[in-house]
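Take a look at the letters that make up each chain.
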Amino acid sequence: MTKIVFIGGIALVVIIVLSLGAYIYFKRPVSEVALNVSPDTEQTPESVSVLTQETTSTPQSEERDRPLSVREIQQEFVADFSDSRTLVGGSQYIFVARIIKKVGNETNITWMPRTQFEAEVISNIKGNLSGKVIVSQVGGYIDGVLYVANSDLLGPADAPGAGRLLQVGSTYLLPTRHIPNTGWGAEWYHVNSFPGAIGLISEDQNLTTVQLNALVANDSRAKQLQMAYPNDVLLTSDIRNGWTINSYQSLTEAQKAALPYYAGSYNPNPTSTATSTQ
Amino acid sequence: MNTSTRELKWYASTTYSNEWLGAISAWNALGKITFSSTTPSSTAYLKVYDISSPPDEFTGAWSPTPNPDELVFNLAHTSSGSSTQKTATHELSHALGLAHSFFGNVMYYIQTAQTWLGNKDIDDFNYFWP
Chain V
1 MTKIVFIGGI ALVVIIVLSL GAYIYFKRPV SEVALNVSPD TEQTPESVSV
51 LTQETTSTPQ SEERDRPLSV REIQQEFVAD FSDSRTLVGG SQYIFVARII
101 KKVGNETNIT WMPRTQFEAE VISNIKGNLS GKVIVSQVGG YIDGVLYVAN
151 SDLLGPADAP GAGRLLQVGS TYLLPTRHIP NTGWGAEWYH VNSFPGAIGL
201 ISEDQNLTTV QLNALVANDS RAKQLQMAYP NDVLLTSDIR NGWTINSYQS
251 LTEAQKAALP YYAGSYNPNP TSTATSTQ
Chain F
1 MNTSTRELKW YASTTYSNEW LGAISAWNAL GKITFSSTTP SSTAYLKVYD
51 ISSPPDEFTG AWSPTPNPDE LVFNLAHTSS GSSTQKTATH ELSHALGLAH
101 SFFGNVMYYI QTAQTWLGNK DIDDFNYFWP
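First to last, the sequence lines map onto chains V and F. Heads up, the first sequence is in this note's numbering, so the first residue is 1 and it goes up one at a time. Heads up, the second sequence is in this note's numbering, so the first residue is 1 and it goes up one at a time.
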């Protein structure tokens, strides 16, 4: 009899533990569930539907951290921007900027979700911007669903600066395309969505400009792009259409001499501040 | 894409109709998906059209926006020929569920002139559509 009671007690404990575990598992925040869904399985509408029904969050106020689901926008790129020379050549402006605030979410008037941010320029690698600019990034929210570009190529989603939208307060190295008078969105600086194109300088929003510039001076990615500038590889379509704004070839000798890597070699005493060439 | 009937009804309005039909032909040869054109565009599962966006750096894109999915060619960085047929096959493959892969396959995410399906493309397709 004692043996039966003992075994029964053990069984009861096991059942309680299993029930508790199941309760905790199924009561996870929906964002945690959604982010664990692989891109391929997300293409099944039924699975997305189930996920959205479970949520009680308010995406408008918590969209940064609690997307209901994540879906991918996929692109084929015109060139291999993992080559720094091509990334520099395919960008009209490359600069370091701190993201101040989100100012737009052009999800309805274009075919692809995009998000615009106001950004404060800290320093330049290509071109000569200052003050505040609007940067536009492919990706954004539609009805609580976060659309991101090429997340299958970006590695872990929780890595700093990886795969998700630019974060307010953070400072980034931004290779951008900006071609005036070419129609929709031409006023924005379009961030290159090639995997790894954006560099994270700092997530600390309290750093001063001087402190951020010190980080940039020692940032290996920034140096890499500075060194690549004299050997920039331009896009065929940019050459064909006259969109090679700020190409190295277009700079005057004085502007070249002002670069930290003049003619590809480190230039410890730049002669003057570079100016933009349109 | 209707996953239960394995049918992809598409509506295309593009200057790259030859490249688009070439892409359809490449996957149709494997015989597992039924492709059919349809009008009006509201009856399609996939809408194909052109944009001209110089500030973007992509040749083509597929977006799973609600009803229907959209596939675009970026006229700013494309021209007729094998490279754009690769773009067409690449983006159509996304609509069929395939993800990016490596050089030697149409799912390589940088434009090349490869118009034929690579081994990884076919393996992934057969995995997705057994």
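Think of the hints as simulated: they come from the structure by calculation, not from any bench. All values reported here derive from a predicted model rather than from experimental measurement. Treat the hints with care, as some may be off.
[What the hints assert, rightly or not] Sample of chain V residues facing chain F (criterion: CB under 10 Å; computed from the structure): (1) Phe77; (2) Ser84; (3) Pro113; (4) Glu118; (5) Tyr141; (6) Ile142; (7) Thr182; (8) Trp184; (9) Gly185; (10) Asn192; (11) Pro195; (12) Val233; (13) Leu235; (14) Ala263.
[As the list claims (entries may be wrong)] Away from chain V, derived, C-beta distances all over 12 Å, residues of chain F: (15) Ala12; (16) Val72; (17) Lys86.
Don't be surprised by glycine CBs; every beta carbon is placed ideally from N, CA and C.
Are V/Pro113 and chain F close enough, Cβ to Cβ, to be under 10 Å, as the hint says?
Status holds, d = 8 Å.
Chain V versus F/Val72 - minimum CB to CB distance exceeding 12 Å, so not interface
Label violated. Min Cβ-Cβ 6 Å, cutoff 12 Å.
Holds or violated: is the Cβ of V/Ile142 closer than 10 Å to a Cβ in chain F?
Hint on V/Ile142: holds, closest Cβ of chain F at ~7 Å, below 10 Å.
Cut-off 10 Å, beta-carbon criterion: hint that V/Phe77 touches chain F:
5 Å, holds
Status of the stated non-contact between F/Ala12 and chain V (beta carbon gap over 12 Å)
About 14 Å separates F/Ala12 from the closest Cβ of chain V, which puts it past 12 Å; holds.
Less than 10 Å between beta-carbons is the criterion; does V/Val233 satisfy it with respect to chain F?
Interface hint status for V/Val233: violated (13 Å vs cutoff 10 Å).
Under 10 Å is the threshold here; is the Cβ of V/Trp184 close enough to any Cβ of chain F for the hint to stand?
7 Å, holds
Holds or violated: V/Pro195 as interface residue toward chain F, Cβ cutoff 10 Å?
It holds, given that the least Cβ distance between V/Pro195 and chain F is near 8 Å, below 10 Å.
V/Glu118 was flagged as interface toward chain F. Is the shortest Cβ-Cβ separation under 10 Å?
18 Å, violated
When the least beta-carbon distance from V/Ala263 to chain F is tested against 10 Å, hint result:
Check failed: Cβ of V/Ala263 comes no nearer than 27 Å to chain F, outside 10 Å.
So, as I understand it, the hint says V/Thr182 touches chain F; can you test that by seeing if any CB pair is closer than 10 Å?
5 Å, holds
Closer than 10 Å between Cβ atoms is the bar; does V/Gly185 clear it against chain F? Give me holds or violated.
6 Å, holds
This entry does not satisfy hints 2, 4, 5, 12, 14, 16 and 17, going by the numbered hints stated previously.
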